[in-house]
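Make the full structure from the sequences, and use the hints.
So you can see what is in the structure, the chains are spelled out below.
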Amino acid sequence: MKRLISAAFLSLALIASAAAQDDPNPNSPTPVLLSAAETGRVLAVEPGDFNGRLPKAAKTVFSAGRDSEAVLFMRRLPLIDGEGANAFRVYVKQPNGRTFELRSDEILPTGRDIIALRICICDVAGYRGQPGDTGDSWIYVTWRGMASNPLKIALGSQGGKIGPPPEFAAAVPAAPEFVGYRWSGDRTRFLEQATFGPSAAMDDRIRRIGLRTWLAEQFEAPYPYIPLPDPPQMPTTPPTDCQAGTNPTCFRERYSMVPLQQWFFREAFYGNAQLRHRTAWALSQILVTSGTTTQQSSHAIAYHKILNDGAFGNYRYLLGDVTLSPTMGNYLDMVRSTKTNPNENYPREILQLFSIGLFELNQDGTHRLDGQGRSIPTFDQTIINDLSRIFTGWTYCNTQACGNATPGIVNYKDPMVLIPANHDLGAKTLLSYPGAQVTSIAACTNCTTDAAITAYANASLKDALNNIFGHPNVGPFIGKLLIQHLVTSDPSPAYVGRVASAFNNNGSGVRGDMKAVIRAILLDPEARGDVKTAPRYGKLREPVQIVTNLGRLFPAKAYNGIDPSDGGVSSYVAAMGQNPFYSPTVFNYFMPDHTIAGTTINAPEFELLNSGTAVKRTNFLYVLGFEGLTPNATDALRGTSLDYSEMIPIAQGDPTAAQLVDALNTKMMHGTLAPAHRSLILTAVQAVPASDPTLRVKTAVYLIAASSQYQVQK
Amino acid sequence: MKESRRDFLCRSAAALSMTALATQSGYFNGMSVLAQRSVKQPKSDAVPADYRAMVCIFLFGGNDGNNLIVPNHSDANVSNYAAYSAARATQGLALPQASLLPISVPRIGGLTYGLHPSLGTVTGGINPGIHPLWASGKMAALTNVGTLVRPMTRAEYQNGSVPRPRQLFSHSDQSNQQMNANAGEVTMSGWGGRMSDKMSASNNPGRLVPTVNSIAGERIFTIGEQLLPLAIGPAPTPLSSILALTGTTGSAAANARYAALNGGFGLSAANELETASNAIHREALAIAGSLNNSTDVTVAFPNTGIGNQLKQIARLIKNRTALNMNRQIFFCTLDGFDTHSAQLTAQTGLFTQLSQACRAFYDEMTTQSLGGQVTQFTLSDFGRTFNPAGSGVNVGSDHAWANHSLVIGDSVIGGDFYGMNTTNGTPFPTLVQNGPDDADMGGTARGRWIPTTGVEQYAATLAKWFGLEQADMGYVFPNLGNFAQTDLGFMLP
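Those protein sequences? They're chains A and B, same order as listed. Quick note, the first sequence lines up with residues 1 to 714 if you use this note's numbering. Quick note, the second sequence lines up with residues 715 to 1207 if you use this note's numbering.
Cβ-to-Cβ under 10 Å is the rule here; a few derived chain B residues that face chain A: (1) 991; (2) 1055; (3) 1105; (4) 1162.
Label pairs and their computed distance ranges (CB to CB): (5) 368(A) with 1198(B): 35 to 43 Å; (6) 872(B) with 432(A): 17 to 25 Å; (7) 867(B) with 156(A): 38 to 46 Å; (8) 764(B) with 381(A): 45 to 53 Å; (9) 376(A) with 867(B): 21 to 29 Å; (10) 877(B) with 462(A): 35 to 43 Å; (11) 963(B) with 676(A): 24 to 32 Å.
I should point out that these hints are in silico values taken from the structure, not numbers from a laboratory. By construction, the Cβ of each residue, glycine as well, lies at the ideal position given by its N, Cα and C atoms.
Below, the structure written as structure tokens:
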């Protein structure tokens, strides 16, 4: 309790001394769950017993179950517009060690100094099992990524083997600084979310100009810093002088994703337009194409350029550009879809994965339910059939009308064009939803010429994409995916709702403005703050992010330690389960709803972590951190190593190594390294002779990077 | 020197893991194989005397079963080659009749059907493939099997009077339902994992690895309500180094570094994602020592993705005694079956890999004298539309529903079709779009066969052979009571 009070006090102090910044104090206060006087038990009553005031006595025993409700009480919090019950997550941890997220239903009107929250003592998801009447359990609330104090609640009966209370990281802000955007913990966290890793230069920039201005700067930053490779389009059958056997270098550069992979890592290590690069990478994992099907680097690069260009544009245009991309057309078969044989692949995935998902959503991303409490499908096979017919007739532009067309070579650079004879002319039904502008397309009545058919097909495509884009699901669906890629795996519905709101209207009445969406994601109070204490906050770093974060914290160099890295790290990243630009399927490397095996925790990136890949992660960090990636691997021409020169002076002349570990704690962990872990690391570093400061730095960096504390970005 | 150090490290990893688990009340408390071993006393009467293993090969993407098994006869009373060809030849998706590898089907009056030509002898192959196993009675086919909540007729499908599986035709949902055997619900566990929940303590009381081993990640099939799988990588990496740490030997500094690394994974964490990550790392370090001295297989495996996965499984089986295993469930995958286009080339390549790898595995089991104790079987997301998508070299097929699966092993009563009869009185669907087995209706119907056999009937037959108690069937297969026949009869006792 003491630490809660001091945290609240500190954040008040910070507000009082705020400098002239656009950005407010990023720290949200810690929620405080009220207890029945002096008992350590939660103050809670049944809704029927709540009269609008703080109850004098708590109901002592509740039962778990779908029709069991309770009202909990919290100290007043500075709630913003739209923060209702969906801003709070309520968890109960049972004696068997299982934790359930309870349904948070409603904030009840009450006096101004308290919040009364009506909950159901049942799991919010329904399919993860239900809490039981197993005696005393721990209950706590999270809000904006901050955990409340845990209190006891009796389920079924009082007593039982409850176990120790869950411990949450103490919310201690980093050492105060007095110039500019002074919240150093938040700066580091922000850079982990908005870039491929914090760097000293960007940290300094943000301190001077603040987050909002930095975002504005990033939206305009020239991109890319490293020019995108521009390999020529090649024949489908590799010519004799560019085959894997005769000329492996040519084959690799033209007929694999290697040039794109290398460029990607170099841009991540060295580029300045980090936000665009990071957003495009996230988009490439939502609007997936893959080198498993895409044959040539030129095809993948043409596609990635669409994502780069669209990252800060409007999602409607991005959806349109992706739909007519020949690389996507080939990957999901639209390029082959004709009126005699409409192909269902792209129509299904544009709905299921690129826009609206399978179930109707509320604006906060939770499922809408029918009268019987069931989720409502967004579409059926009829919609797929009709959408398939709308997407018929489009194919590669191999005529002179397209600037990149070359005789004998399939053109993947220009958008697909219509072959009028292949387009379906019948009537089609579109998605139907409240506010839908056009819900059907009539059969063509004047399609007697190619020009008329082309006009009809273009209008149909526009109507269909507008119809999909206008669906109320798109904001919460795409917004939540982007939050998961940038900030946290299991955002609160209120956070999703705020981002969806920015998607629906950027403030000037425009829907789908990606800048507004990104701003909303990164400046949200659930994203911001020096420390997040909610036990499910954060995301496992995907293998790509592990490499790039280290390569920016300790500037990446070639194996020789002098030249720049050539970015040839993909084979190592692939060994950890994520071969960049070779997603195994259109479902990406991991599913957004993946739940950690044996738990109820939603954490997509954990789909890549198992015994085998866990050891691969640790071993990769050893090789990168201690030895450097050698130049002789197939796609690592010059190799990659880390430059520790900033850290070595800190390690020199300090036999205790405390300075070094504390500096790394600030740099890598924004000050959150657990004290017990710090002492383990100190012992290991002290086992390295002080006369070898480089080895001391490597040891400390390796031990922090390999720890779960670092591997989970929070 | 090196070996003894590694032994020491593994012992200390194991000890640490136990300590950490004992002091935490997290989810993983009941899940570590080591912790389990320390608390569950074996019921000595229940430990089986023999060894058995099930090997699930999941064909991700939705394999087109219509080109896996093709009618190769002219009997017009059931769909014959002409019916097949009429629907698929124009667009170029029909396999030439002469290319089919003939199989005789006693269940359908001894009529001849045909397997895809890649399942036999192939150019560059290292073995004769799996086709010969049909004639020798070691391979059977489950026909027209798929996800069902309960059996339904075409009319019931159309009028909605019987609950349908959730999200038919969606990859993610349908592959999950194949693996969770509970088509009406979202669940977080699969039938392999749930079998291990019920069988691990009694059948593998001294196990040094979990009952379920995956060479393809922790997919839902492998996850139990209580127990988790071991997931490791494929060959060629030898088992002895698959979980070995780099740079943990040599100096005092390396020892100290290892101690801090391992100690870090043993700390309790406030963040639950960290707790989960720690548990995975601890488990890996604890198990690494058990895989130290493994012996290799002797039969040649193809150097393909699936070949190397099955090879790793064969190695684990070969080391079963050292690992104290009596019952094992394995999971591996072959991806790329989502053939909306260019299916002929794609399926030829994939079936070649599948057949060569499964045959190598079968032969290796024979070499290990385990032919009757190890059963391979396939699952896939769904079948594909009988009506092709596209034409010419680009021809493919779209998402559908019922499909055919293969089961291989000396305990399989092979050389026949199994499963419930369709409307035509045989277990093979009527190959007619808008026909009696098509879920689609009307002139645009594309031939998405309604399953007549549920995944759980197929799975329960395997589970019974494997030794799952009758009393535990309902836990593993919650909808099994909706199906009249729970043993389809394709396994020897």
